[in-house]
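There are 2 protein chains.
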Amino acid sequence: MTHRFCAALLAVLTAAPAIAADPPATPAAVVAQAPAAAWRAIPADALLVMTIEGGKRVVIQLAPAFSPRHVANIQALARAHWWDGTSINRVQDNYVVQWGDATEKKSMPPGLTATSPLDYAVPLANRRLQVTPLPYADPYAPTTGYVGGWPVAMDGTSAWLPHCYGYVGVGRNLSPDAGTGAELYAVIGQAPRQLDRNIAVVGRVIDGMANLSSLPRGSGELGFYTAQEHQVPILSIRLASDLPDAERPRFQEMDVASRSFADYLRLRANRKDDFYDRPAGGVDLCNAPVPVRAAP
Amino acid sequence: MTHRFCAALLAVLTAAPAIAADPPATPAAVVAQAPAAAWRAIPADALLVMTIEGGKRVVIQLAPAFSPRHVANIQALARAHWWDGTSINRVQDNYVVQWGDATEKKSMPPGLTATSPLDYAVPLANRRLQVTPLPYADPYAPTTGYVGGWPVAMDGTSAWLPHCYGYVGVGRNLSPDAGTGAELYAVIGQAPRQLDRNIAVVGRVIDGMANLSSLPRGSGELGFYTAQEHQVPILSIRLASDLPDAERPRFQEMDVASRSFADYLRLRANRKDDFYDRPAGGVDLCNAPVPVRAAP
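Residue numbers (my numbering), protein chains in the order written: chain E, -19 to 276; chain U, -19 to 276.
Check the hints yourself; a few may be wrong.
To be verified - Simulated crosslink set (DSBU-like; lysine-lysine; CA at most 35 angstroms straight-line): (1) E:K252 x U:K36; (2) E:K86 x U:K252; (3) E:K252 x U:K85; (4) E:K86 x E:K36; (5) U:K85 x U:K36; (6) E:K36 x U:K36; (7) U:K86 x U:K36; (8) U:K252 x E:K85; (9) E:K36 x E:K85.
Stated by the list, open to error - To spell it out: a stretch of chain U is covered by chain E in this simulated footprint if at least three of its residues, at any positions, have a beta carbon under 8 angstroms from a beta carbon of chain E; those stretches are: (10) 20 to 33; (11) 113 to 123; (12) 192 to 204; (13) 263 to 269.
Hints were generated in silico from the structure; no laboratory data involved. Note that the Cβ used here is the ideal one computed from N, Cα and C, for glycine as well.
Use the sequences and the hints to build the structure in full.
Structure (structure tokens):
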């Protein structure tokens, strides 16, 4: 009975062509059937390609619209090859995988931008964001939705990126330090939304997440690897735009203003297919991720 | 700057004695300072001790008050040593680790109890639950709180266990099959609350979670290991009550009616210490787990 848990899901994933004449019944079917017009190319200079020990690749999509100063620094650090030879130093279960310069002695490249806690959210004054609302309650914010390919939490004055699974944030010292972007972490468990607006969120892992999430947990305090454990070498981190054309990954995100995304959200909140008896009637912001795919 | 992300958290974890005269400022400090009266022993027949390849141990706390039929079956299967020689067959990133009889041919022990979808929630009629409310919005349920050591979601007629990180559910075939309890999975990512009331939740991993969450992800559909991959052998699964006294793990859970738990919840929802600038003012049901500790 190994396969019982997911028999229906498997059927759905493989049945999309067969039911193409009907409206898609599941989020996976919506994504599989979404027209080309529902997808947007992710710019190559917003893709960070991390290669770790064993040649394993992790691709991170950066969010310059939400964290412009931190993202500019991360782009500068990648162009300076700053992370080459650094390592993954911390893996705390149900929390984060963190990487950077374990020696804490490596000098910064010139021209990094100063950051502050004001960079943790985008003020809404004098700007009109096109928001696709998520009409369900959120424990952490008055309203939530999607803007320009990203989930956002909002109050009356600002919008910010949530700490969802796979999302990437910037390590910092005690406030008012807001971090340069050289020390990064990715969330590997239940969304630690208490970090929202306390740390800069700069992007999300869109490929190779398992190369981070399945790493051995560190036995030191807060999951740091001890001297007896193996810090995972980072071979290189590059912007896709700086890679040779043949090595450049290409990804697309679903347009959050598209009909396909509206269908996807409705079905994420109301699963009703062969496997599900009782639709939830709602979905958490971090449990309805924006679909991303490799460019066909 | 490797340690910057968590400098303050580290201080908190190590500073509890130094600040014992002050009210605890963090959830970790509340747990560290909670008096003996705030803790309750977890019964040995509600502890499932799973030993996998390499002698790695995973301890699961069962929830007989919420899933009595499924838990009775799991206790019977453990007493029959049914899982010995089975394996972990599926690891899907940000979803579940699943184990059971990969051959799907192993016969069931006698005396298992019939189950149905009615077992997914506890009816509230003719019963008064002592609920410690969690007074924050939830995307999946009208109300949430804690009952008898467990987080619960509720509507006007029933209460059910949520699919939080580390929570254990029962694989099943298509409805109305509700599973016997022989095929189990543990959540290893963002809480898949859409499964609530669609599958039986029977407990939670309280020790050794990393032995499941750091397993290599399966490359097959839905994360099943392929023939070229390594199914992880399960050496044994026993009830702690059936182990020799010297081998028997002993754990305690925080009393959800205690002052310590109230302080813990308040601080989980309002982090305000050296590291946090901006308290969230709320917390997700799955982001405020009931503290569990090894018995001192």
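Evaluated hints:
Taking the CA atoms of E:K252 and U:K36, the gap is near 38 angstroms; set against the 35 angstroms cutoff, the hint is violated. The straight-line distance between the Cα atoms of E:K86 and U:K252 is roughly 32 angstroms, inside the 35 angstroms bound, and the hint therefore holds. Distance restraint check for E:K252 and U:K85: the Cα-Cα separation of roughly 30 angstroms lies within the 35 angstroms cut-off, and the hinted pair is therefore satisfied. A threshold of 35 angstroms between alpha carbons decides the hint, and for E:K86 with E:K36 the separation of about 24 angstroms falls inside it, so the pair holds.
Pair hint U:K85 plus U:K36 holds up; C-alpha atoms about 26 angstroms apart against a cutoff of 35 angstroms. Restraint check for E:K36 and U:K36: satisfied, since their Cα atoms lie roughly 26 angstroms apart, inside the 35 angstroms limit. For the suggested pair U:K86 and U:K36, the alpha carbons sit about 24 angstroms apart, so the restraint of at most 35 angstroms is met. At most 35 angstroms may separate the alpha-carbon atoms for a hinted pair to count; U:K252 and E:K85 meet this at roughly 30 angstroms.
Distance check on the hinted pair: E:K36 and E:K85 sit about 26 angstroms apart at the alpha-carbon level, within 35 angstroms; holds. Figure legend: the region 20 to 33 of chain U, annotated as covered by chain E; annotation inconsistent (0 residues with Cβ-Cβ distances under 8 angstroms, at least 3 required). Residue count for the region 113 to 123 of chain U with a Cβ under 8 angstroms from a Cβ of chain E: 5. That meets the three needed, and the coverage hint holds. Coverage of the region 192 to 204 of chain U by chain E holds [criterion: at least 3 residues with CB-CB distance below 8 angstroms; count 8].
Under the rule that three or more residues need a Cβ within less than 8 angstroms of chain E, the assignment of the region 263 to 269 of chain U holds, with 5 such residues.
The structure shown violates the earlier hints numbered 1 and 10.
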